[in-house]
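A.B. asks: If you want the building blocks of each chain, they are given just below.
There are 4 protein chains.
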Amino acid sequence: MSTAKHVTRFRVRYSEVDRMGAAYNSRALEWFEAARVELLRAVGLAYDWMEQQGAHLPVVEAHLEYLSRAGFDDELEMTATASMPGKASVRFDIVVADAATGREVVRGYTLHAITDKTGKCLRPPKWLSDALAGDGP
Amino acid sequence: MSTAKHVTRFRVRYSEVDRMGAAYNSRALEWFEAARVELLRAVGLAYDWMEQQGAHLPVVEAHLEYLSRAGFDDELEMTATASMPGKASVRFDIVVADAATGREVVRGYTLHAITDKTGKCLRPPKWLSDALAGDGP
Amino acid sequence: MSTAKHVTRFRVRYSEVDRMGAAYNSRALEWFEAARVELLRAVGLAYDWMEQQGAHLPVVEAHLEYLSRAGFDDELEMTATASMPGKASVRFDIVVADAATGREVVRGYTLHAITDKTGKCLRPPKWLSDALAGDGP
Amino acid sequence: MSTAKHVTRFRVRYSEVDRMGAAYNSRALEWFEAARVELLRAVGLAYDWMEQQGAHLPVVEAHLEYLSRAGFDDELEMTATASMPGKASVRFDIVVADAATGREVVRGYTLHAITDKTGKCLRPPKWLSDALAGDGP
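From first to last, the protein sequence lines stand for chains A, B, C and D. With my numbering as the guide, the letters of the first sequence map in order to residues 1 to 137. With my numbering as the guide, the letters of the second sequence map in order to residues 1 to 137. With my numbering as the guide, the letters of the third sequence map in order to residues 1 to 137. With my numbering as the guide, the letters of the fourth sequence map in order to residues 1 to 137.
Read the hints as simulated data drawn from the structure, not as lab findings. Only a predicted model underlies this, so the values are computations on that prediction, with no experimental measurement involved.
Repeated chains share a single entry, so a pair holds when one copy, or any two copies, can fit it.
The calculated SDA-like cross-link candidates involving lysine to any residue, where the alpha carbons are at most 20 Å apart (straight line), are:
| no. | residue 1 | residue 2 |
| --- | --- | --- |
| 1 | K120 | E65 |
| 2 | K117 | L67 |
| 3 | K120 | R19 |
| 4 | K120 | R103 |
| 5 | K117 | G71 |
| 6 | K126 | V43 |
| 7 | K120 | E51 |
| 8 | K126 | A46 |
| 9 | K120 | L67 |
| 10 | K126 | W49 |
| 11 | K87 | G54 |
| 12 | K120 | H56 |
| 13 | K120 | M84 |
All chains, full assembly: derive it from the sequences and hints.
C.D. replies: Here you go:
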């Protein structure tokens with residue numbers, strides 16, 4: 001099974017750093033979201049367009065392992081891959097590492113249902129599987 | 001002109017504190033919102049009910065003066081007063097102080113338009129002026 | 001093995017709600033932190049006091065299952081239990097439910113190392129195991 | 001008096017958007033901070049380096065005018081200028097506009113004291129005035 005993959009860079013904001021001088025743990029879930037949005041954009045799926053098609057991807061599960069500290073203004077690199085386990089959900093695996101040294105900061109995944117606006121599960125649209133598979137014709 | 005007034009207490013969360021050990025500046029605007037919601041509830045105006053009536057109160061201006069630091073787990077007391085300057089907008093003045101010592105932490109105001117769902121200005125509903133005036137019959 | 005347990009209530013803030021009208025996923029990790037702080041306070045361990053003793057509890061792993069939506073102003077009830085798996089780390093299991101209906105919103109855990117200020121692992125202090133065990137004399 | 005000026009671009013994150021579909025008001029203060037950090041970096045003043053010199057710039061006042069809504073994934077452009085009113089404080093004026101249309105979203109300023117680590121006011125360091133004045137020899 002092939003998967004879509006995307007890399008994003010950003011700097012840790014002062015507002016994201018806690019009293020210990022390290023990025024606060026919940027911020028990783030905001031970064032993961034930014035990684036998902038950029039990966040989807042890269043395979044041609046603007047999030048707004050998807051919602052206009054009536055397809056939503058609410059998070060149903062998240063898992064995070066905090067491996068080392070990231071401080072204010074550190075430049076981080078996120079590598080995201082997307083897959084469709086069981087064909088009925090979407091999973092994003094994400095690794096955030098220090099851009100300068102490669103040291104891993106946090107890794108984890110989010111698992112998403114595919115639903116309509118009201119939260120009812122949908123059969124996965126073909127355009128979604130096609131885009132995430134990255135399969136050419 | 002009489003005004004509605006309300007007092008709320010809360011503790012500073014670890015996630016709200018920055019590298020200097022003090023509550024991060026943008027958090028004050030989240031606290032102000034909590035103060036507004038509780039003041040409105042106290043005068044009988046649940047925010048959801050107001051939106052169901054078609055009345056929204058988007059922030060059009062905010063001003064903050066940071067007077068002293070609040071650290072993690074400090075108990076703070078917010079005093080909010082509401083008024084309707086010029087009758088066409090709502091203003092909340094808020095003072096946040098240390099609950100134990102009375103030392104002021106931040107003070108300021110937010111000014112709100114009264115609009116429909118699309119952002120178009122509304123004539124202020126009578127139930128809003130009545131509730132905020134605190135005038136009994 | 002006995003465990004410490006604590007229940008906290010709070011309301012979902014407007015600032016925590018996303019475009020879908022539901023509390024944004026990363027906010028659950030901020031709530032979990034508030035639950036930990038209150039549980040520790042309830043067993044006599046103020047977080048500041050612990051840090052003054054030189055003991056820190058950085059999050060090394062987090063897991064979350066999102067079970068239903070929580071909207072603005074919903075009153076939620078968090079039940080937190082603490083345990084010390086393998087005696088060298090602390091785990092908080094947390095369930096967040098709608099206070100009115102009992103419907104579960106999110107559940108999960110955070111796993112914490114016990115370290116000094118620099119992040120070096122410590123032998124768990126006796127006061128910590130005693131407080132979390134909840135064992136009386 | 002000449003002033004330093006800098007332009008930054010970014011996209012609105014899903015986590016920053018509220019139930020009305022617009023960026024939540026407190027987020028503007030986080031954006032302002034990112035604009036300050038980038039302006040200072042552009043004139044040769046890394047924030048960490050400044051703190052190592054013993055100079056801190058805590059926010060003492062903030063003012064914001066919300067002019068139009070910014071939605072999820074909108075690309076915004078921030079223009080920041082820095083000045084030193086009265087020579088004893090630093091002021092950043094910031095305009096955030098839609099990058100595609102130029103429509104202004106929010107404008108305002110933050111005023112900063114110049115202090116040591118403990119919050120005591122400092123005489124402004126010459127390297128700070130020089131860098132912000134942008135005066136060549």
